[in-house]
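Peer 1: Each chain, letter by letter, is given below.
Protein chains: 2
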Amino acid sequence: MSTTISREIRLKSRPEGLPRPENFELASVELPEPGPGEVLVRNRWMSVDPYMRGRMMDRKSYVPPFQIGKPLEGHAVGKVVASNNPDFAPGDLVLSMNGWREAFVSNGQDLQKLDTHGLPEEAFLGVAGMPGLTAYAGLLRIGEPKAGETVFVSGAAGAVGSLVCQIAKIKGCRVVGSAGGEAKCAWLKSIGVDETINYKAHPDQRSLMAALKAATPEGVDVYFENVGGDHLVAALDAMNNFGRIPVCGMISGYNDTAPRPGPWNLFNIIGKRLRVQGFIVSDHLDLLPDFMRDLAKWVSEGKVKWQETVEEGIENAPAAFLKLFSGGNTGKMLVKLDKDA
Amino acid sequence: MSTTISREIRLKSRPEGLPRPENFELASVELPEPGPGEVLVRNRWMSVDPYMRGRMMDRKSYVPPFQIGKPLEGHAVGKVVASNNPDFAPGDLVLSMNGWREAFVSNGQDLQKLDTHGLPEEAFLGVAGMPGLTAYAGLLRIGEPKAGETVFVSGAAGAVGSLVCQIAKIKGCRVVGSAGGEAKCAWLKSIGVDETINYKAHPDQRSLMAALKAATPEGVDVYFENVGGDHLVAALDAMNNFGRIPVCGMISGYNDTAPRPGPWNLFNIIGKRLRVQGFIVSDHLDLLPDFMRDLAKWVSEGKVKWQETVEEGIENAPAAFLKLFSGGNTGKMLVKLDKDA
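Chains C and W, in that order, give the protein sequences. Residues are numbered in our numbering as their position in the first sequence, beginning at 1, plus a constant of 1455. Residues are numbered in our numbering as their position in the second sequence, beginning at 1, plus a constant of 1455.
Honestly, I wouldn't trust all of these hints.
Stated by the list, open to error - The following residues of chain W were derived to be distant from chain C, with all beta-carbon distances above 10 Å:
hint: 1; residue: E1477
hint: 2; residue: E1488
hint: 3; residue: E1493
hint: 4; residue: P1519
hint: 5; residue: S1551
hint: 6; residue: G1563
hint: 7; residue: L1569
hint: 8; residue: K1624
hint: 9; residue: G1708
hint: 10; residue: N1723
hint: 11; residue: G1726
hint: 12; residue: K1727
hint: 13; residue: R1728
hint: 14; residue: M1747
hint: 15; residue: D1749
hint: 16; residue: L1777
As the list claims (entries may be wrong) - Heads up, simulated DSBU-like pairs for lysine-lysine below, C-alpha to C-alpha not over 30 Å straight-line:
hint: 17; chain 1: W; residue 1: K1644; chain 2: W; residue 2: K1778
hint: 18; chain 1: W; residue 1: K1668; chain 2: C; residue 2: K1515
hint: 19; chain 1: C; residue 1: K1668; chain 2: W; residue 2: K1515
hint: 20; chain 1: C; residue 1: K1727; chain 2: W; residue 2: K1525
hint: 21; chain 1: W; residue 1: K1794; chain 2: C; residue 2: K1727
hint: 22; chain 1: W; residue 1: K1515; chain 2: C; residue 2: K1778
Said to hold, decoys possible - Here chain W is said to cover these stretches of chain C; the calculated rule only asks that three of the stretch's residues, wherever they fall, bring their Cβ under 8 Å from a Cβ of chain W:
hint: 23; stretch: 1480 to 1493
hint: 24; stretch: 1709 to 1722
In short, the hints are calculated from the structure, not lab data. For each residue, glycine too, the CB sits at the ideal point set by N, CA and C.
Modelling step: build the complete structure from the supplied sequences, incorporating the hints.
Peer 2: Set out below in structure tokens:
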């Protein structure tokens, strides 16, 4: 009887501000043999996402907080290596929320068999996964862009933002994206973004406001909000009447240790009759079939491209996560857990 | 040939912060005889409204700024005293935007004949006028309250807020209203508001937040925003998932001379999937027939009541306007320009 050792990342303590390596703990567990109806899964890829920062806090929110001493959770792609469950065979690729660990035993109920339709398996943690559906639902259902309108996207070089930009282009919009650094901006241009703003070149609010105004001479009709802070101030200033602001994230504030004042120009919501609307992808799973159909078409037509930033090894997962907050990723941030993946 | 003298209030200088008496100027003008096709109107009532503060600033907005040296403008009810226009006869009551003056000559194109349907004429500056339609459109079209939901209204004892409260009750909601002072709160209770918050008893943000939480044990589904500032912070904190915030006004900030930080808890927009939507009544004039029909019914059934606070004489119009910012009005603030009205 063989045993399987799985290394996993646990939450050791709740971060104050920017998480530090000591908030995480690498541990090894010995997995039992899969029992009747159970499968053993070895993870190949795991996702790190900004929303996970919220789960590290002990507060009521739309997902329950991570527990100290327990492994973290998140999307992962794994391969079934042993199965006593008729629904799964060794070699099957599966999606689960059991990330942050190398392997696990499951009764199958938290597994989703993955048919890659010819896409790389890891795309299902990014452009073809939750980040992709987030972009699709947030832009199309909440943002409601019309051809000819101007769409401004913050965090534009991220997993969600870069797909928002490309869908907006497909829908006939002019697209302006903000990202940190000239390399990211150059990539955005290469995938069709009309105008980019390197926000790191505009460290003060007035400068960012001026840059956005200059980049959007006809104003902004849809602002896809990933960042918050000065980006929201600048967007409120540049919005056109009846503009829409789908609020996907506000990463600039996720590591705040004290309340940070919000935008001083909220009055624009009235004067310009703006709609500012938050959303969470899990409320929009009904769009999944449409999304997968459209995405497959767009990818086959070369209209959607994506990038990934990959760290290797479970021991580097915390560092990969932390890079999300310093802009260390272009496109989807992934951790490769199996060298053979 | 007789001449008519009309006293009028002009903008003498643009206010910085809270307007002061010296920002206004009382002047007399001699009106010409009405020419062919013209009518002479003597105003009986004029309205002062918070939105007028915005027009005193020299900025681009949804209504053009007032011009220095020119009379202010706003809704007024007047009576035709002489007419060379076949559409108007002496004695006709008319609505116009030519407030802040005792009389004026018009070609009739900016006049609307007023059929009071048995209501007092001055109600058409308040509950049956633009403030009334503001409440109706903002609550029903933007807020979309459902029976059994909780509606929180700030500025609840004002012209708009007090009608919002009553319409929400008619629609089967639990209604919590915030107002300044125990007398206003008592009036709100007398018109059916379930719970009131005297915000003057909660001068700090945490206290207001606690008061709202205590008053809304089942959370807030619709927050009708008239005030901004701490009220918005408290509402964001108390909102339920999928709540709506129709943004009608943010009077707490209208006299700010420097940017005032916005709410620190905007992240609730994401976590709770809130919709925060500004509106302006003039975009919703298509609802006017529905509004007038519903209001007439509700008034006849005793389900809608209103109050007015009346100052007398054009010379007191600036003081009446200023009282809006110190809570000196309960219900609609009006200036009576004709002693016989």
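Peer 1: Checking a non-interface call: every C-beta of chain C should be farther than 10 Å from the C-beta of K1727 of chain W. Is that right?
Peer 2: Violated, since 7 Å does not exceed 10 Å.
Peer 1: Quick one, are K1794 of chain W and K1727 of chain C close enough, alpha carbons at most 30 Å?
Peer 2: Answer violated: K1794 of chain W to K1727 of chain C is near 40 Å, above 30 Å.
Peer 1: Just want to verify: L1569 of chain W was marked as not at the interface with chain C; is every Cβ pair farther apart than 10 Å?
Peer 2: Given a closest Cβ separation of 28 Å, the condition holds.
Peer 1: Taking 8 Å as the Cβ threshold, is the statement that the stretch 1480 to 1493 of chain C is covered by chain W upheld or broken by the three-residue rule?
Peer 2: Our answer is that it is violated, as 0 residues pass the Cβ test (under 8 Å) against chain W, missing three.
Peer 1: Say whether it holds or is violated: G1726 of chain W keeps its Cβ farther than 10 Å from all Cβ of chain C.
Peer 2: At about 5 Å from chain C, G1726 of chain W fails to clear the 10 Å cut-off, so the statement is violated.
Peer 1: A cut-off of 10 Å on Cβ-Cβ distance, and S1551 of chain W was said to be off the interface with chain C. Does that hold?
Peer 2: At about 24 Å from chain C, S1551 of chain W clears the 10 Å cut-off, so the statement holds.
Peer 1: Would you check the hint for K1644 of chain W and K1778 of chain W, treating anything up to 30 Å between C-alpha atoms as holding?
Peer 2: 23 Å, holds
Peer 1: Tell me if the straight-line CA distance from K1727 of chain C to K1525 of chain W falls inside 30 Å.
Peer 2: Holds, at roughly 26 Å.
Peer 1: Beyond 10 Å on every Cβ pair: is that true for G1708 of chain W relative to chain C?
Peer 2: 7 Å, violated
Peer 1: Classify the label on P1519 of chain W as holds or violated, using whether its beta-carbon is more than 10 Å from each beta-carbon of chain C.
Peer 2: Holds, since 13 Å exceeds 10 Å.
Peer 1: With 10 Å as the threshold, tell me whether G1563 of chain W passes as away from chain C on beta-carbon distances.
Peer 2: For G1563 of chain W, whose nearest Cβ neighbour in chain C is about 31 Å away, the distance exceeds 10 Å, so it holds.
Peer 1: Against chain C, does E1488 of chain W hold up as non-interface, every C-beta pair farther apart than 10 Å?
Peer 2: 41 Å, holds
Of the numbered hints stated above, those contradicted by the structure are hints 9, 10, 11, 12, 13, 21, 22 and 23, listed in ascending order.
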